[in-house]
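Using the sequences and the accompanying hints, generate a full structural model.
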Amino acid sequence: MTRLKTLKEQYLFACKCPRCIKVYDDIQESATLEGYKCKNNGCDGFLLRDSDDKGFICQQCGLSRSKEEIKKIASEIKSLSDKALMSEASHHSQEAISAYKTIENLQRKLYHHYSISLMQTREKLLKMLMELEDWNEALYYCRLTIPVYQRLYPGFHPLLGLQYYTCGKLEWLLGDTENAVKSLTNAVDVLRLTHGTNTSFMKDLLLKLDEARAEASYKLSSQDE
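Each residue of the sequence shown is one higher than the one before, starting from 252 at the first, in our numbering.
If you are wondering where the hints come from, they were derived from the structure by calculation, not from laboratory data.
Accuracy of the hints is not assured; some may be wrong.
Listed below are the simulated EDC-like cross-link pairs for lysine to aspartate or glutamate, each with C-alpha atoms no more than 20 angstroms apart in a straight line [stated by the list, open to error]:
#1 K290 to E346
#2 K323 to E339
#3 K322 to D303
#4 K378 to E339
Fair warning: this is a prediction, and the values are worked out from it, not measured in the lab.
Structural data, given as structure tokens:
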């Protein structure tokens, strides 16, 4: 990034050699997955520190965010995280879930929507809600994690496959058979390459997919009658 910036500032030359592009792409990916979001909710840009180190500049629209604003939200998140952990340790599940939901709302204001931190909070909520058998809310947060998993674990990664599987199970449980078939199919496409097809887990998954397809077909034929 330093080389690219120097060439642009000193020589008015936007270098597009593989070296500069690769470095810039790596920085963009890190800033997207680990950095802050633009203040403009309609902008999908990523932020980098400004030259004076007083804040952060959106690399897409140019809007700035002050360090003070970011520190304030980050401090609120830290305080609530401590509270959530204490509630978890005391087995006060509802208090912990309430705290994590507030954290998730604050993180949506602070981080890019592909943020790993935001995904981890949603993953925490997903697991806690599943333990309480709150399937609707669990599915809501599971679906929100999928785009981040797709970006973080591209291709045929087992963690992506398992997240599809979780989503499909919840959808089927809630009667959303059509989407359950899609999610379970995605899970099979990934996990048959990472887990094979002869394990008990994969045999169970393939059976679930067959049952979901049969149920979806039955529902469709019933609507036509």
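Right, here's what the structure says about each hint:
A distance of roughly 30 angstroms separates the Cα atoms of K290 and E346; the hinted pair therefore is violated under the 20 angstroms criterion. At most 20 angstroms may separate the alpha-carbon atoms for a hinted pair to count; K323 and E339 exceed this at roughly 25 angstroms. For the suggested pair K322 and D303, the alpha carbons sit about 17 angstroms apart, so the restraint of at most 20 angstroms is met. Straight-line distance between C-alpha atoms of K378 and E339 comes to about 12 angstroms, which keeps the hinted pair within the 20 angstroms bound.
Checked against the numbered hints above, the structure violates hints 1 and 2; every other hint is satisfied.
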